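Please construct the entire structure, taking both the sequences and the accompanying hints into account.
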Amino acid sequence: MDRPNLDELLEATAEFLERELLPTVGDPRLRFQLLVALNALGIARRELALGEALRQEEAAELEALLSHGGDREALLKELAWRIRQGQAPEATSAFLKAHVRRKLLLANPKYLERYP
Amino acid sequence: MREILQAALEELFGPGEILALRRLPGGASKEAWALDYQTGKEALPLFLRRAGGGVIYAGTLPLAQEFRLLQIAHAHGVRVPRPLHYFPDLEGREAFLMERLEGESIGARIVRRPEYAGVRERLPEAMAQELAAIHAIPLSEVGFLPFPSQPPWQEALDLAYRDLDALEEPHPALEWGLRWLSQNPPPPRLPVLVHGDFRIGNLLVTLEELVAVLDWEFAHIGDPREDLAWPLVRAWRFGEDGKRLGGIGEVGPFLERYNALTGRGIAEGELFWWEVLGNVRWGLGALKQARRHLKGEERSVELAVLGRLAAEMEYEILDLLERHG
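Here the protein sequences come in this chain order: A and B. According to the working numbering, the first sequence is numbered sequentially starting from 1. According to the working numbering, the second sequence is numbered sequentially starting from 1.
I should point out that these hints are in silico values taken from the structure, not numbers from a laboratory. Please note that a few of the clues may not be correct.
DSS-like cross-link-like pairs, simulated, lysine-lysine; straight-line CA separation at most 30 Å [to be verified]:
1. B:K30 to B:K288
2. A:K97 to B:K243
3. A:K97 to A:K110
4. A:K97 to B:K288
5. B:K243 to B:K288
6. A:K103 to B:K243
7. B:K295 to A:K103
8. A:K77 to A:K97
9. A:K110 to A:K77
10. B:K288 to A:K103
11. B:K295 to A:K77
12. B:K288 to A:K110
13. B:K30 to B:K295
14. A:K103 to A:K77
15. A:K110 to B:K243
16. A:K77 to B:K288
Where chain A lies over chain B, by a calculated footprint (3+ residues, C-beta under 8 Å) [stated by the list, open to error]:
17. 45–52
18. 295–309
Values in this document were obtained by computation on a predicted structure and should not be read as measured data. Using N, Cα and C, we set each Cβ at its ideal position, and we do this for glycine too.
The following block contains the structure:
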């Protein structure tokens, strides 16, 4: 595709919303929603930058934990079911910490800094 | 709508005039309106809560019951806006009228703004006092609420599993929390009337004091520790993570005051189970809110993003259980 690429399009949109629109919005509810929308764009851009690497890391760790391969969603479902049945693999706790950390690296990386 | 309101207001306060009737921004499942009623020299500030046109948020009380609860709580000295009139049919939907109190209910402001520093110091004990009063309401007066057929903790877990399954998306971290909860059930406590959403953000606060406990739509018969632990959930600390009670104070003085008033002798450690449950519940709540957007029940970027932020509660659950050992 021609430039701007996907990230550059999102970046241009976020810049417009933040620099030009936000200072003009006085209504507190709309201001809040606008900040949330900017946050959503931030998540999308982080997913664009890091998503593929995190998905690969996740797949590798899931396969190691469950000792077999498969579709990521199906493996996560299997792990969820095993936890519910009380048959979680030994290393589940450590996997879960890394699994949720990966989600937060996209959704809200600053949140992770709140845990010393 | 004006005519029906006018008739009710005349009956309550005598002849007068409705001024500045306006819809306040808010969710689609419940409408909020503000109005003033001018009688003689006085303009009475009023608040109208009306059912919305959209899909009702499951698990919330009908407005008729919320109104009755406010009446009962008010009669028992709980700080609530005085409920004034219930309308079974206000242009096709139920609604009720209550007084409109002045104060701040935006949690982040109460927790962070310097002008609230004074009231923040008093809040832990004030919160304990309100909870003690709510939990002292005789169950015989709230017979319209269903009495749990099993222990409240079991009821809460069953509901959480139903909510989780309805998402049709695997959440192993929530499963991990729920598994621990079901394997470590809390010792029993006598059931009480539980507010169900007692946290900073549902309290109306002035610079001096706690003015009112708001948002009774999740009230039910349950375990008193549920209300005591809900304001400890990290998401309700608005970034002030070190202050475990809602970002404004410590658990100790809060619980001490509650125990002094109720004689229940609840130990701080007893709140842990309910704090973990609270995180599971709000994690599920965030995921459910995102589905309201995804299913088109209430399109909103704010609700959409909550689907991703549920991971914060998942991380907290793992951290709580890891440190608990």
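Going down the list of hints, with the structure as the test:
no. : hint             : verdict
1   : B:K30 to B:K288  : 17 Å, holds
2   : A:K97 to B:K243  : 24 Å, holds
3   : A:K97 to A:K110  : 16 Å, holds
4   : A:K97 to B:K288  : 22 Å, holds
5   : B:K243 to B:K288 : 28 Å, holds
6   : A:K103 to B:K243 : 26 Å, holds
7   : B:K295 to A:K103 : 23 Å, holds
8   : A:K77 to A:K97   : 17 Å, holds
9   : A:K110 to A:K77  : 28 Å, holds
10  : B:K288 to A:K103 : 18 Å, holds
11  : B:K295 to A:K77  : 22 Å, holds
12  : B:K288 to A:K110 : 24 Å, holds
13  : B:K30 to B:K295  : 18 Å, holds
14  : A:K103 to A:K77  : 16 Å, holds
15  : A:K110 to B:K243 : 19 Å, holds
16  : A:K77 to B:K288  : 18 Å, holds
17  : 45–52            : violated (count 0)
18  : 295–309          : holds (count 7)
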